[in-house]
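Visitor: Hints given; two lone chains; assemble the complex.
In the order they appear, the protein sequences are chains A and B.
This note's numbering applies: residue 80 is where the first sequence begins, and numbers increase by one.
This note's numbering applies: residue 20 is where the second sequence begins, and numbers increase by one.
You may find that some hints are simply not true.
What the hints assert, rightly or not - Subject to a maximum C-alpha distance of 20 Å in a straight line, what follows is the list of computed DMTMM-like cross-link-like pairs (lysine to aspartate or glutamate):
1. Lys194/A / Asp54/B
2. Lys356/A / Glu548/A
3. Lys195/A / Asp61/B
4. Lys194/A / Glu501/A
5. Lys195/A / Glu546/A
6. Lys250/A / Asp157/A
7. Lys86/B / Glu56/B
8. Lys70/B / Asp157/A
9. Lys86/B / Asp54/B
10. Lys86/B / Asp141/B
11. Lys194/A / Glu89/B
12. Lys86/B / Asp61/B
13. Lys194/A / Asp61/B
14. Lys195/A / Asp144/B
15. Lys70/B / Glu555/A
16. Lys195/A / Glu555/A
17. Lys356/A / Asp141/B
18. Lys70/B / Asp54/B
19. Lys195/A / Glu357/A
20. Lys160/A / Glu247/A
21. Lys421/A / Glu29/B
22. Lys70/B / Glu550/A
23. Lys70/B / Glu546/A
24. Lys194/A / Asp446/A
25. Lys194/A / Glu79/B
26. Lys195/A / Glu550/A
27. Lys86/B / Glu29/B
28. Lys194/A / Glu548/A
29. Lys356/A / Asp144/B
30. Lys250/A / Asp235/A
31. Lys421/A / Asp141/B
32. Lys152/A / Glu243/A
33. Lys70/B / Asp446/A
34. Lys356/A / Glu550/A
Said to hold, decoys possible - Interface residues of chain A toward chain B, partial, derived using beta-carbon atoms under 8 Å:
35. Lys152
36. Glu243
37. Gly355
38. Leu425
These are computed hints drawn from the structure, not numbers from a lab.
Just so you know, these numbers come straight off a predicted model, no measurement behind them.
We put the beta carbon where it would ideally sit given N, CA and C, even for glycine.
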Amino acid sequence: MRTASFASATSIKMALTILVSAFVFSNACAQTAAPESTTPTVETQAAPLTMPMINEAVEAATPEPAVDASLTKPTVVDASKISAGDTAWLLASTALVLFMTIPGLALFYAGMVRKKNVLATMAHSFAVTCLVTVIWVVIGYSLAFTPGSPYIGGLDRVLLSGMEFVKETGKLSVSEIAPTIPESVFIMFQMTFAIITPALITGAFAERMKFSALLIFITLWSIFVYAPVAHWVWEPGGWLAMRGVLDFAGGTVVHINAGVSGLVAAIIIGPRLGFGKEPMPPHNLVLTVIGACMLWVGWFGFNAGSAVAADGRAGMAMLATQIATAVGALSWMIIEWLRRGKPSVLGLVSGAVSGLVAITPASGFVDVSGALVIGAAAGLACYWGATTLKSKLGYDDSLDVFGVHAVGGIVGALLTGVFAVESIGGAHSSFGNQAFGVVVTVVYSAVMTAIILGIVSALVGLRVTPEAEVEGLDLEQHGEHVL
Amino acid sequence: MTEEHHSRAELETHAFALMGRLHVNLRRQSGRVIDIEYMRIDPAYCRYLLKMASLSTSEEVQDLGQKLQEVFFGAEGLFVRTEPRQPLLARLQEPTTSSAAPAAAPAPATPGAAPGTPETGDPVDRGYIGRLR
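Chain B extracted, bound-state conformation (with noise of 0.2 Å):
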């Protein structure tokens, strides 16, 4: 393994130990039940659960979500960094599965769309650019 794979492998722990004491202090406080497996890969939930971090009452849920917000969000952050790269079999792998690749995933509606496009959004709400269905 990489230093790289090193450093993500504790940020990830890093951000499930905060994650699950969020969970438990929302649920202690307020009832709240969260879900931090889907806060880990969906960044839409995790800002809308780090915002009602920053609106709670109690300091530690704050503190809580400034941390969180550092490690998704910040410079070097889980949802920010760009992916480490594949091993070379998987790279040498990866022009067949892409050339099938576009076949099946919607293109956008609107020419316009395309450039100000994430090329790292979720393949499924891209489809939903300038269009519901």
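Just chain A, with the same shape it has in the complex (with noise of 0.2 Å):
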């Protein structure tokens, strides 16, 4: 027993040795190696790297346009100021997020509806697609996204009035926020979330709202509630983001503000005709898991594209965002096999979707064990707030909208404060003040929403009749059906 531990000492010890050995090889290796790197030779440069690399700034043959950091308001500026793979890369992003409303989300939702509601389904994406993007060009871009008051924009770009490219003289307007970028191009990444937010309520109250009553709701909603939650957090002078409230990609703005909000409207519209009596089942899950895959992919446009720039730390944001997912599906796996028996596909793609949620906020700030953690939490959270929670407050949010995307983004955001790592976002926040980012998002939304949906019930009504519910909204209220 002692020759046997003895043994194994040794052989600990030479491991050690030879490790040690190794890596004072490595770095004399490395340190009598620098000096040449500074004349490449042909035969230096081919060379295959075998580790990973950290590459030093170096002045560039063309030099990247300086970002001019004193702009406190949108600019007109130089063509030369304009950086093309920013500009490709938020090109790119806008496709990728849009991508995700249609036809991502649209799918994600239909296949989890009845038959007879799939088209009304898919309706309200596309929809609230066509209505917020002509919302958002004569209003909402310039009360989020412009200097005012710190809680709500100026009217200086109302029908985008200042918006600037002049192709002769090589002039064109600039956000304060993406100055390496067109204005042109940053309000449209913009406008993709301010379309996809009011999209994801949509699904608390499916199955049975007027779509009348939606376009009203959604109109109201994307004036009063998103474009000041946008300003508060995302414009430099908004007064949540001079308190420090981090929000890289849309935790609070997006996901709090929407899965909030979507509770809110089921409560007040009220459930579905049979709901806790008869099943629901959702028609086509193929259709939800193609939904949620693209949802995958549009969120690297989504997280990756919300660094403004195409850099490294789009990068961070984009390798956090896949392992954050991955891990998020895993865990609500995992829970689900332990308590039901068997992992459910819906769940799966729910994991993964509450991941992608979580990390939002948090994408542009945390390195990979902070995404690990994140995903995990969130897996966990969102199965118990879609599941337990949801049971017993027995308010029917038809497709989990609060369940998911509301605790995902405060899992996401609260955790943000506390895995942040400054050397990646350059700024460092704390759980309580993220905390109180949360309390103020859920507390506003949830009183605006009332609101509006006061003011909606009054003007046209919520709901649809009983009969036209039964017979389904695709006959009832666009007249089609799908067979």
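Guide: Written out as structure tokens, the structure reads:
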């Protein structure tokens, strides 16, 4: 026994010696190689990399446009200030985020409703896309992303007046938030966020809300809820931004906002006929899985695009997004397997979405370990939110907008305060500070949504008739149906 | 085989004959292809097809729909009548099987939902009472 332990101790010592020697040797090689790297030869350039490298910033042949950090409002600048790389990435990201709503979210939701409401559910996402596009260029962008007061933006960009692009003189306007891309691209990018946020809410009252009521609700909500909250958090002069509340890509502005509004809407509109008494199975989970996959891919534009640059931070955001999503899916799968005996496919994709939601506010601030923890926490918390919490409170949030988006958003926002790494995001926050941002958003979103729904109810009513609900919204609201 | 088994088998044969005719008629008239195997086992799909048949302009299709309505949802219909009792040996094995089943079966989320739930419902569908996930 004693001999065995002695042999084992000796072998450990030998292994350590070899490791230390290897480390010293590799350092020595790196130091001796360093002077040569200043005058690279063809051979050293062609040699393959054998280990990850950190490239120090060197002066490139074509200098990158200098970022003017002194901008405090949208400004007209020379075209030479624009970065082609950043612009290209933001153009791609914009398309990715729009792809999340149509067809990603539309399919994700459509697969989970009953067959008689498929078209109506897809119509929600499509109509919201069209409606918010118009609202955004008319007033939404101006209220959200121009400096005004700490609580709401100005009216400088109503109908996008002042947004310039003059090809002859080489001048164009940029936002102070993204000074290396044209303002037109920034407006488009942010528009896709403004589109997907209310589109998320529609899942909470699916299968029972009037289409006309939906259009009025979304119009008012977009102007009076989304734009102010986006201004508070994302415009540098917004009061939550100045307080140091971190939200990289929309955990607070998009997901908590949408989730809480969805809950309030679901409660005010009331449960579907037969809720809690008869089964309401999703009619085609294949559509849901396809939609979830589109959401996952599109989310790279959402999170990595929010760096508003094609740089290392965007890369970190993309990496964190992938990790948290995978871990979220796995943690939901495991808890469901343990509790119910089977890992459902709907659970798997729901876990992935919960990971995506939770990493959204944190993606540009956390490292790999932060992403792992946030993903795992999101999977477990959202499982609890969509099953236990929902059952206990008894509300009919048709597609679990609150359970996944609000709960996941809150988890992500709070853990951003815990796991934010200053060297990655250049900022740090605290759990308390993040919690403050969460509480403010929850309260504002809930109160404003209730007021808006009251107005809509008085104008056109919120629900379809019971007969229409039994018949299905496809036929009743749109005069079409899926065979 | 008992008399009950005989009458059930006859009814099944009759149902498949009618469904076959419905299939042919619908395909000939509207190009619509229906799944008669699924129609036999899924009451919701069956109801949907019967409703479609009742809205058809063809009298023959309407007539077939009425007959199938009786076969499936009449007083002694295939979706209405209780299953014939299992053989004795199978019944003796039931307690072991049924004691293992509830562990895997999802419980209804809303406490009040259970009484209203039909015992013969699809166990997968029953998992969606009061909840989606």
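Visitor: Does each hint fit the structure? Answer for all of them.
Guide: A quick look at each hint next to the structure:
1. Proximity of Lys194/A to Asp54/B is assessed by CA-CA distance (about 17 Å); at most 20 Å being required, the pair is judged to hold.
2. The straight-line distance between the Cα atoms of Lys356/A and Glu548/A is roughly 16 Å, inside the 20 Å bound, and the hint therefore holds.
3. A C-alpha spacing of about 17 Å is found between Lys195/A and Asp61/B, which places the hinted pair at or below 20 Å, so the restraint holds.
4. With a C-alpha separation of about 49 Å, the suggested pair Lys194/A and Glu501/A falls outside the 20 Å cut-off, and the hint is violated.
5. The straight-line distance between the Cα atoms of Lys195/A and Glu546/A is roughly 13 Å, inside the 20 Å bound, and the hint therefore holds.
6. For the proposed pair Lys250/A and Asp157/A, the alpha carbon gap of about 5 Å is at most 20 Å, so the pair holds.
7. Among the hinted pairs, Lys86/B with Glu56/B is consistent with the structure: their alpha-carbon atoms are about 17 Å apart, no more than 20 Å.
8. In summary, the hint linking Lys70/B to Asp157/A is not supported, as the alpha carbons are separated by about 67 Å, beyond the 20 Å threshold.
9. Using a Cα cut-off of 20 Å, the hinted pair Lys86/B and Asp54/B holds, with the two alpha carbons roughly 18 Å apart.
10. Of the pairs offered as hints, the one joining Lys86/B and Asp141/B is violated, with about 25 Å between alpha carbons and a cut-off of 20 Å exceeded.
11. With a CA separation close to 26 Å, the supplied pair Lys194/A and Glu89/B exceeds the 20 Å bound.
12. Simply put, Lys86/B and Asp61/B have alpha-carbon atoms about 17 Å apart, close enough for the 20 Å limit, and the pair holds.
13. Taken as a hint, the Lys194/A and Asp61/B pair is honoured in the structure, with Cα atoms around 15 Å apart against an allowance of 20 Å.
14. In summary, the hint linking Lys195/A to Asp144/B is supported, as the alpha carbons are separated by about 16 Å, within the 20 Å threshold.
15. Simply put, Lys70/B and Glu555/A have alpha-carbon atoms about 17 Å apart, close enough for the 20 Å limit, and the pair holds.
16. For the suggested pair Lys195/A and Glu555/A, the alpha carbons sit about 10 Å apart, so the restraint of at most 20 Å is met.
17. Taken as a hint, the Lys356/A and Asp141/B pair is honoured in the structure, with Cα atoms around 14 Å apart against an allowance of 20 Å.
18. For a cut-off of 20 Å, the pair hint linking Lys70/B to Asp54/B stands: about 15 Å separates their Cα positions.
19. For the hint pairing Lys195/A with Glu357/A, the CA-to-CA distance comes to about 16 Å; that is within 20 Å, so the pair holds.
20. A distance of roughly 16 Å separates the Cα atoms of Lys160/A and Glu247/A; the hinted pair therefore holds under the 20 Å criterion.
21. Using a Cα cut-off of 20 Å, the hinted pair Lys421/A and Glu29/B is violated, with the two alpha carbons roughly 39 Å apart.
22. Proposed proximity of Lys70/B and Glu550/A is supported: the alpha carbons are some 12 Å apart, at most 20 Å.
23. For the hint linking Lys70/B to Glu546/A, the alpha-carbon distance of about 17 Å falls within 20 Å, and the restraint holds.
24. For the given pair, Lys194/A sits about 43 Å from Asp446/A by alpha-carbon distance, which is inconsistent with the 20 Å threshold.
25. At most 20 Å may separate the alpha-carbon atoms for a hinted pair to count; Lys194/A and Glu79/B exceed this at roughly 28 Å.
26. Restraint check for Lys195/A and Glu550/A: satisfied, since their Cα atoms lie roughly 7 Å apart, inside the 20 Å limit.
27. At roughly 15 Å between alpha-carbon atoms, Lys86/B and Glu29/B fall within 20 Å of each other, so this suggested pair holds.
28. With a C-alpha separation of about 12 Å, the suggested pair Lys194/A and Glu548/A falls inside the 20 Å cut-off, and the hint holds.
29. Proximity of Lys356/A to Asp144/B is assessed by CA-CA distance (about 12 Å); at most 20 Å being required, the pair is judged to hold.
30. Between Lys250/A and Asp235/A, the direct Cα distance comes to roughly 19 Å. Compliance with the 20 Å bound is thereby established for this hinted pair.
31. Distance check on the hinted pair: Lys421/A and Asp141/B sit about 17 Å apart at the alpha-carbon level, within 20 Å; holds.
32. For the hint linking Lys152/A to Glu243/A, the alpha-carbon distance of about 14 Å falls within 20 Å, and the restraint holds.
33. A distance of roughly 58 Å separates the Cα atoms of Lys70/B and Asp446/A; the hinted pair therefore is violated under the 20 Å criterion.
34. As the CA atoms of Lys356/A and Glu550/A are separated by approximately 18 Å, the hinted pair is consistent with the 20 Å bound.
35. Proximity of Lys152/A to chain B is violated relative to the hint, the smallest CB-CB distance being about 45 Å (cut-off 8 Å).
36. Evaluation of the Glu243/A hint against chain B yields a violated restraint, the C-beta minimum of about 48 Å exceeding 8 Å.
37. For Gly355/A, the suggested interface contact is upheld, since its CB lies about 4 Å from the closest CB of chain B, less than 8 Å.
38. Annotation: Leu425/A was flagged as interfacial toward chain B, and the flag holds, the nearest CB pair being 6 Å apart, inside 8 Å.
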